[in-house]
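Trainee: Each chain, written out:
There are 4 protein chains.
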Amino acid sequence: MQVGFIGLGNMGQGMAARLIAAGHELTLYNRTATKAEALARATGDKARVAVSPRECAAGAEAIVTMLADDAAVEAALFGAEGAFPAMAAGAVHASMSTISVALSERLQDTHARAGHRYVAAPVFGRPDAAAAGQLAIVAAGAEAALERCRPLFEAMGRATFSFGTEAAKANVVKLSGNFLIASVIESLGEALALVRKAGVDPSAYLALLTSTLFGAPVYQGYGGRIAQGKFQAEAGFAMPLALKDMRLAMEAATARQVPMPTLAVIWQRLLAAEARGYGDLDWSALGLLAAEDAGLPGGATK
Amino acid sequence: MQVGFIGLGNMGQGMAARLIAAGHELTLYNRTATKAEALARATGDKARVAVSPRECAAGAEAIVTMLADDAAVEAALFGAEGAFPAMAAGAVHASMSTISVALSERLQDTHARAGHRYVAAPVFGRPDAAAAGQLAIVAAGAEAALERCRPLFEAMGRATFSFGTEAAKANVVKLSGNFLIASVIESLGEALALVRKAGVDPSAYLALLTSTLFGAPVYQGYGGRIAQGKFQAEAGFAMPLALKDMRLAMEAATARQVPMPTLAVIWQRLLAAEARGYGDLDWSALGLLAAEDAGLPGGATK
Amino acid sequence: MQVGFIGLGNMGQGMAARLIAAGHELTLYNRTATKAEALARATGDKARVAVSPRECAAGAEAIVTMLADDAAVEAALFGAEGAFPAMAAGAVHASMSTISVALSERLQDTHARAGHRYVAAPVFGRPDAAAAGQLAIVAAGAEAALERCRPLFEAMGRATFSFGTEAAKANVVKLSGNFLIASVIESLGEALALVRKAGVDPSAYLALLTSTLFGAPVYQGYGGRIAQGKFQAEAGFAMPLALKDMRLAMEAATARQVPMPTLAVIWQRLLAAEARGYGDLDWSALGLLAAEDAGLPGGATK
Amino acid sequence: MQVGFIGLGNMGQGMAARLIAAGHELTLYNRTATKAEALARATGDKARVAVSPRECAAGAEAIVTMLADDAAVEAALFGAEGAFPAMAAGAVHASMSTISVALSERLQDTHARAGHRYVAAPVFGRPDAAAAGQLAIVAAGAEAALERCRPLFEAMGRATFSFGTEAAKANVVKLSGNFLIASVIESLGEALALVRKAGVDPSAYLALLTSTLFGAPVYQGYGGRIAQGKFQAEAGFAMPLALKDMRLAMEAATARQVPMPTLAVIWQRLLAAEARGYGDLDWSALGLLAAEDAGLPGGATK
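Chains as they are written, first to last, in this note's numbering: chain Z, 4 to 305; chain Y, 4 to 305; chain V, 4 to 305; chain D, 4 to 305.
These are calculated hints, taken from the structure and not from any lab test. Take these hints with a grain of salt, some might be off.
You can't tell identical chains apart in this list, so a pair holds if it fits in one copy or across any two.
As the list claims (entries may be wrong) - As a list, the in silico DMTMM-like pairs of lysine to aspartate or glutamate whose alpha-carbon atoms are at most 20 Å apart: (1) K247 - E150; (2) K38 - D48; (3) K233 - E150; (4) K233 - D73; (5) K233 - D283; (6) K200 - E108; (7) K38 - E169; (8) K200 - D72; (9) K38 - D112; (10) K200 - E254; (11) K49 - E254; (12) K38 - E150.
All chains should be built: construct the whole structure from the sequences, respecting the hints.
Mentor: The following block contains the structure:
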């Protein structure tokens, strides 16, 4: 399929590479062009590099956006040299990064009025999963549009979970999922601070948890990071992204009048983490904050 | 081994039956004698029924307490006809229900001064796991005492996790584990309220969660209860027990100066649940509260 | 002075009337024209009625906006027939309703670039204070601009508190002040629920509070409302306005990385209040929510 | 009246001196005897010093306890050489320090069974108010007992607020009042952190608040402390006392099933304050914590 791929960050690179490997014809656009050029070269020049979102979208059957935030998506679509006016009738836009529910609603309307198709398809998975085509894709949109994206999703993900024709539902699901991850991190941080202050070995504690009720990747991964004091954001999810997602979740909850006291706690903690200078760390550093608030040295526990 | 077993509620019955089946000689005591008698009969009168904790402890190499709360343990040990004075030198007390850290510390001291041994060994698992000998046992105490209890733990559990010689550590671990379960329930309740209000099907949502990052029993079990509106406490964990455990966790955190804002949220929600008339329900009814606070009908979502 | 006054709701009517009474020449604009016409008539046709914000601003030395929210202010200034293009060089815009810090920053920039002056001047006080010229005005902006507005502020307020040349500071002060009021309401609601459940007479309790440490209007007013179960919004401040202001406060806190856990609690409670059907009530109905969450009948206590 | 006064800390000294000055015949007891002796000397040896609570209570028509916590009161009454057995039939015990609701309930019962009278009479006011006889006294108990204490209360306080015959109500009122003070401190700390980060002068901000809706001593006093970074506990209320009172308030709320989310926030903050090393400061240092969590230097703001 002819695909315009916009946004080649840590996630986008792996995803675009998977599409190329699956035989799709990609046109790549990234604000910093060197990333697009490097990827094109790395895949044997099987992909073309565009100088603007507009050029990227011209002639494409599908465009994929994998951009940092709402503003980046709006700029890529509607800004100078934006993709939107260049999209062909019937072309589909798959918005795969984590954006606001409100923007996703607006995109579905706007594309529909222009005769385009729109699919919200945010993903769960870190950059290594993106590179391996092992993302979990959360998709919603008109059935025909979802069907159109199927070969792309199959190349990028290990499973696609569909949530109906209202695109914004996929965004609500994604945001609430990230809230649940943050909730695991925050509660583990509190629990580990408590047991550490009681003299319990954090690794033995995690071994207990993950071999009983909490045997899920999210406890193993984040528990290990907190217990070992590994808060660097490489291959991680930096605080500002976490704060952005929790803000979007709170906006979605506010728009629908859903009190979420745990989310409110997490948000406050993320603000404190940034204000206290941990903005460069992975969001597992919520556990560092919990330790410090308990008067513990924050770092590795041995 | 000669074992005095005190407390034959939903959990204790299964545990005592496992000990009998493993060939230990049990003396049973329960405040309501009929339960002890029924169990003795059901196991072919292989166990003796005592009329008091004192009689239950006389001649025992080990006593096990599986009682509702601190007050019940204190009464069974130190009350009229209590077990404590009847314990032989060198006999071990395995305290297996969820009690306060402070009481566990006191018991370790008091038993040591009287020449007894003491092990804190609270468990994870519901009554069905107790009956099947599949509990996860969290143990701490002097090594010799733990060693003494090994055959008992092997009969009752599928694994024993040891946390050193300071008995109270096992209680901190157990309480913090229950906090983590409560945190899963509360955060799932909030997330499900949000996605339901956005029109997302809760079962499809849970299927996504549990097949990705959240593939742990705790998400499957409690998520299913909330999504289906099954809040009855049978075979569950009733609100007053949850509130008791969270209170004990808060006391432990306060004694050690560990701020736990998520625990504070959960505590408030449990108080609201009881005050609003849900005291008879399983603690998964925190999800009912989250739904009601969001203006949703609380019950089954179809 | 020639003044264009835009926004004649409960507050704006009283403020505009005070300006007319002080001898200023007003042009009135309100989206629902009947309100403007009624006020003009009531003041003996001393004021002119404009058909658009543009007409209202034409020839004015100052325009005052007293509108519901950011969107209304943006529409009145920059929408079709908006006031902005019609403002004369050197004319001053006094923005007196509660708007976002971000919009106030933007207005200061935009007006400056167009050669206008801008003052942020939100107020404390209810409609009766507005009608009596007894508002407390919180002002910030360039000194010359503040000086220009002085006669207007003197007609509308009993005191003006200046916070320097950066206009947005006045908005932060106003929003944080409203947060403090909400915090009084929420904490009083919780305290009254506790003492009521202990059988204490709420009126006697309030008499104690307000004759000792808490002898401030905010405790007398809101305490009385909660104790007597008077939650109707007439002459009050309805939930949606409260939620809007707390959202703006949270946005300001997020932009500056200031954790505000009490604000987070209040926000959640306001969301619950709306979701549970109290959106039409005064924000003192946070006390109704606190009572209901404690299992008390919410209404009047006798 | 013959009065046994037990507990001569910062508050007790002033209160006992007022009773002596009013002509009552006091027997003083303090665990550290030098304080009792110093006070006796300072008042011209008009008071006698007792070597034990028992001696202090012997022959007294009334005993007053002004002790740090529940444990101290229980020890003074029921410990070795305790006051309780020495109390004459019909003698009254006025418990004036902040104790738990549960202990106050127990004291009322226990005294009644022994033929004594009991009044709960906790106070609002700092040591300077105690020395000046300007305390606000919150009293509850049997009418005859309250009447008996009237001359004592008149010597110590500027006003007595009665809450009926059930003594524990006075304790609930006192604890909820301290919660309200803590809530003012916490919310002011958050608001001041926000306005400081926005560049607003904190003193000007407080001047606005206290000359409008918040013109109460509690805002003036604590606001000034936070704005000026004066967190030393001299003549203040140290963190451990604050934490104790909030714990007692939480226990009272838990016993009555009253959710108090703001109280839960405050408790967590007090724990963090102690864990982070501010245990020696006045509870206004909650404002220091709010500042630090916002990344501000905590101390005086110039």
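Trainee: With reference to the structure, classify each hint as holding or not holding.
Mentor: Evaluated hints:
1. In this homomeric assembly, K247 and E150 never come within 20 Å of each other (Cα to Cα): the closest approach is 30 Å inside a single copy and 41 Å across copies.
2. Taking identical chains as interchangeable, the C-alpha atoms of K38 and D48 lie at most 20 Å apart only when both belong to the same chain, with a minimum of 13 Å there against 68 Å between chains.
3. Taking the closest pair of Cα atoms, K233 and E150 never come within 20 Å of each other, the shortest separation being 41 Å inside a single copy and 36 Å across copies.
4. For the identical chains of this complex, K233 and D73 are neighbours neither inside a copy (30 Å) nor across copies (39 Å), given an alpha-carbon limit of 20 Å.
5. In this assembly of identical chains, the alpha carbons of K233 and D283 lie at most 20 Å apart only when taken from the same copy (13 Å versus 33 Å across copies).
6. In this assembly of identical chains, the alpha carbons of K200 and E108 lie at most 20 Å apart only when taken from different copies (15 Å versus 47 Å within one copy).
7. In this homomeric assembly, K38 and E169 never come within 20 Å of each other (Cα to Cα): the closest approach is 33 Å inside a single copy and 41 Å across copies.
8. Taking the shortest alpha-carbon separations for K200 and D72, neither the intra-copy value of 39 Å nor the inter-copy value of 24 Å comes in at or below 20 Å.
9. Taking the shortest Cα distances, K38 and D112 never come within 20 Å of each other, neither inside one copy (32 Å) nor across copies (36 Å).
10. Taking identical chains as interchangeable, the C-alpha atoms of K200 and E254 lie at most 20 Å apart only when they sit on different chains, with a minimum of 14 Å there against 36 Å within one chain.
11. For a Cα distance limit of 20 Å, the shortest separation of K49 from E254 qualifies neither inside one copy, at 41 Å, nor across copies, at 45 Å.
12. For a Cα distance limit of 20 Å, the shortest separation of K38 from E150 qualifies neither inside one copy, at 30 Å, nor across copies, at 54 Å.
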